[in-house]
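> So you can see what is in the structure, the chains are spelled out below.
Number of protein chains: 2
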Amino acid sequence: MARIETLKNELKNQAISAALITQNVDIFYFTGSMQNGLLYVPVAGDPIFYVKKSVVRASEESSIEVEPLGRMRTLGDRIKAHFGKPSILGLELDVLPYQLGVRYQQMLNTEIKDISSLIRLQRSVKSEYEQTQIRKAAHLVDEVIQLLPSWISIDMTEVELAAKIEQYLRVRGNINLNRMRGYNQELALGMIASGSAAATPTYFDGPAGGLGLTVASPQGASYKKLAKNEPILLDFSTVVEGYMVDQTRIAVIGSLQDDLLQAYEVSRNILREVEKLGKPGVSWESLYQHALQMVEQAGLQAHFMGFGDDQAKFLGHGVGMEIDELPILANGFKQSLQENMVIAIEPKFTFPGRGVVGIENTYVVKSDGLESLSISSEAIIVVEG
Amino acid sequence: MARIETLKNELKNQAISAALITQNVDIFYFTGSMQNGLLYVPVAGDPIFYVKKSVVRASEESSIEVEPLGRMRTLGDRIKAHFGKPSILGLELDVLPYQLGVRYQQMLNTEIKDISSLIRLQRSVKSEYEQTQIRKAAHLVDEVIQLLPSWISIDMTEVELAAKIEQYLRVRGNINLNRMRGYNQELALGMIASGSAAATPTYFDGPAGGLGLTVASPQGASYKKLAKNEPILLDFSTVVEGYMVDQTRIAVIGSLQDDLLQAYEVSRNILREVEKLGKPGVSWESLYQHALQMVEQAGLQAHFMGFGDDQAKFLGHGVGMEIDELPILANGFKQSLQENMVIAIEPKFTFPGRGVVGIENTYVVKSDGLESLSISSEAIIVVEG
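Chains as they are written, first to last, in UniProt numbering: chain P, 1 to 385; chain H, 1 to 385.
There may be inaccurate statements among the hints.
All copies of an identical chain are treated as equivalent in the list; a pair is satisfied when it fits inside any one copy or across any two copies.
Here are the simulated DSSO-like cross-link-like pairs (lysine-lysine), alpha carbons at most 30 Å apart as the crow flies [stated by the list, open to error]: (1) 164 x 113; (2) 52 x 334; (3) 136 x 228; (4) 276 x 113; (5) 313 x 52; (6) 313 x 12; (7) 164 x 225.
Source of the hints: derived by calculation from the structure; they are not laboratory data.
Keep in mind the model is a prediction, meaning the values are calculated, not measured.
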């Protein structure tokens, strides 16, 4: 219920009378249950989780009082009878479909206001429990990293490697869903992509691309075979109790050319610098700007986070139950880091026709800088070719 | 461009001046590309696909003229300068987030109208090409069905079986995304669940449930071990070039009790009946109602499509690039079947504590009834125990 109290305070600060929480991940965050329903949180009084399906299961899981949702058309009157009519209703307008937004507004016949930033900001600061789940995820990802030298071979396709990683993680708790909050954003495990295929730009809001298996999902692993002396991008996550870690390492069959190795070293140096800088009170954008300076000093700005028109203009992103959480390390984000925010930081360099090199760790913000939750060796994984 | 012409005619019929298509799947349907952008379709004149990322890749893939999207704040003026100001703008208000709906409405300073039903109805009728992809998916799913007797064993967990199926399909083109249009709906491959775990209700809008691996994704495969004489529900799909098939079969290690076998036969009989009834012109709800009569005659109404308060009240759903397409075979849907609609029909019976039995085929509506795209034997898969 501490999470509900924090939410209530934030609502009060913004003069919002109540929140109607509708998104499955946010509902899970506040109730402990992901059953299908609507969570009503008044600024004054106890919240109610109105559940459509399954009421039995929600009652077992939820820390909030559960009531059957019943008929949708009577819900508005029930809420008004129990809580009074809210003068301003908060909704997650970043994810709630327009149709439903109108419906809930009419149901309570009230003014509506977006509370998505407020919820996303609250969720960006992780509890000890949440950090523990992400640490567990980081350990599982590291198990894969340690097995990769025995898995990678010159005859296999990118998707064969991806499928092997997926199977290993799946039976160890991966739900096979990499949740993203952004409209139209999708992710299957991550990006297992090599050489020129990895450098192919995509619609995905990230630095790496991937040919993908089809134009109907044009990103990530493809049928391209792993080849000698090309960087193999191993950007993947796993999910433990709903919480993800995000990590990138590079492998090669044979060896990489010097300029790629140098770019990889720059990406590691960027991590070392931002680990020291990333303290509570420091602005999100300043970490991006500092990285950009280092990139320019190395003369690599044309390759940073993509190439040409397809460069992504950020350095890192919050990670938790969604892979695109706050904070966002990019220009224009003047907010401050807070203790216990969890951030994936991923300096990468794209060389068209040749591949992507770079690194990514998931960190937690502590009083004296960033602590890495990722535990994998940062050395390039070299496989005999 | 035939798809664009159909859309234009529908817009004209509803007195809508232009559509702004925003959802990735709809964009792919109309352009042939799934790059990140916005598709503007005027009733009069040629459409333009404004692409944010990747412009290069969209230009190669799209059958529609591509222009770089550029700065979002100037897009409205560019559209108005090129096409004139639309008096009514159509948007996919079933999926478009509220925030974005408001933004696009303000960008073109116009009245907006929901065109999601119109687009979903158009997409429900499949071309020969689309049917071919679904047939290919059905063949891959059947390869798995034929392998299952050698894969299933009494020591394995549900998720181990799911992971094996996933790996097999993944390297053969599965994009590892089972797209759903409904808000908050998610699906990882399907439901591989056995005995009491399969009968556990979930938030998912379907007949079967599944314990899942965690409360943070409470559906589908769990750590439960496959046991003797329990129905093993094998409800899964695969994706070929973005198109899915949906199919369910039942396996057992040992044998099933008579009442479960009888319920399974009822589900097969329902399929035989609706195959004959499902012709162009027949209402969607009539197929559900006919099935319901057969279920009542068999005295199984308490078990149909879930149990107790958690019963799902439908018989089948359209399937294509999303698993929850039109038509919906349920009460209240008085629309008529049209030739070449593709529908997954899935009569199932839930026995709490014991399991789920039932069957599902994907069909295409032809002039003389339903033609099955699923090719798997309908016999229960029996494994020696």
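> Take the hints in turn and mark each one as holding or not.
Here is what the structure says about each hint:
With identical chains, the CA atoms of residue 164 and residue 113 are never at most 30 Å apart, being 45 Å at best within one copy and 46 Å at best between copies. Within a single copy, residue 52 and residue 334 get their C-alpha atoms only as close as 40 Å, which misses the 30 Å cut-off; across copies the closest is 24 Å, which meets it. Proximity of residue 136 to residue 228 under the C-alpha cut-off of 30 Å is found in neither arrangement, the shortest distances being 33 Å within a copy and 33 Å between copies. Within a single copy, residue 276 and residue 113 get their C-alpha atoms no closer than 38 Å, and across copies no closer than 51 Å, so neither meets the 30 Å cut-off.
Within a single copy, residue 313 and residue 52 get their C-alpha atoms only as close as 41 Å, which misses the 30 Å cut-off; across copies the closest is 13 Å, which meets it. Proximity of residue 313 and residue 12 under a CA criterion of 30 Å is satisfied in neither setting, with 35 Å inside one chain copy and 41 Å between copies. Within a single copy, residue 164 and residue 225 get their C-alpha atoms as close as 15 Å, and across copies as close as 22 Å, so both meet the 30 Å cut-off.
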